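Input sequences plus hints: build the corresponding full structure.
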Amino acid sequence: EPEVTQTPSHQVTQMGQEVILRCVPISNHLYFYWYRQILGQKVEFLVSFYNNEISEKSEIFDDQFSVERPDGSNFTLKIRSTKLEDSAMYFCASSGDRGDTEAFFGQGTRLTVV
Amino acid sequence: QKEVEQNSGPLSVPEGAIASLNCTYSDRGSQSFFWYRQYSGKSPELIMFIYSNGDKEDGRFTAQLNKASQYVSLLIRDSQPSDSATYLCAVSKQGAQKLVFGQGTRLTINP
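Residue numbers (my numbering), protein chains in the order written: chain A, 1469 to 1582; chain B, -17 to 93.
Treat the hints with care, as some may be off.
To be verified - Label-pair restraints from in silico Cβ distances: (1) A:Tyr1518 to B:Ser(-10): 18 to 24 Å; (2) B:Gly(-2) to A:Gly1508: 27 to 33 Å; (3) A:Tyr1518 to B:Asn35: 27 to 33 Å; (4) A:His1478 to B:Ser34: 36 to 42 Å.
If you are wondering where the hints come from, they were derived from the structure by calculation, not from laboratory data. Remember, predicted model here, so these are calculated numbers, not experimental data. Glycine included, every Cβ here is placed at the ideal spot set by N, Cα and C.
Structure, rendered in structure tokens:
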């Protein structure tokens, strides 16, 4: 069964460092997303990406965040200068031919900023 | 008012019984409704989606949608201990990309 894969599963970084979280969406999907979940809190939308550009982003997704699809398979989230409050699980998701159809999530990357 | 509201629980149900999970949403423009299951430390796993008013059944799961009341529910029949998890309700508007999640309801099935 096709699945969304994310790497790494766990990343520890020092405050102020840049991190790149990587995702391989399901191959025939067209919409890609990043969500985050701070421990004990709800899942929050960060950004959606369609046709090689950001289609929607939340207030959380400020200038320190960026996304890229560097090739035909990978989708990345970069956090330029990490803060302690960026510590969270980051989930990549993808969905098919319409943005409001079923989204499938990767297993997540646990980011710990120290 | 929260966009998507769920009772955080915990909801405790005996094995074999029906578990009923509820969700309300505030945006009348919401068109698509999803139930995800999340085990502790894991990612959300899609278990049901519903777009039209009424009931939708898939195995032991039934999703119910009432757009007039802005209410969506999930019934789990013949509950099993493996159903113990947090159940997340998520909604999206037509043509919109983002899912808005509730805080989740923690369900425990007691053997």
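Exercise. Does the Cβ distance between Gly(-2) of chain B and Gly1508 of chain A fall inside 27 to 33 Å?
Worked result: holds, 31 Å
Exercise. Do Tyr1518 of chain A and Ser(-10) of chain B keep their Cβ atoms within the hinted range of 18 to 24 Å?
Worked result: Violated - the Cβ-Cβ distance for Tyr1518 of chain A and Ser(-10) of chain B, about 33 Å, lies outside 18 to 24 Å.
For this session: Indicate whether the distance between the beta carbons of Tyr1518 of chain A and Asn35 of chain B respects the range 27 to 33 Å.
Result: holds, 28 Å
Exercise. Quick one: are His1478 of chain A and Ser34 of chain B within 36 to 42 Å, going by C-beta?
Worked result: holds, 41 Å
Checked against the numbered hints listed earlier, the structure breaks hint 1 alone; every other hint is satisfied.
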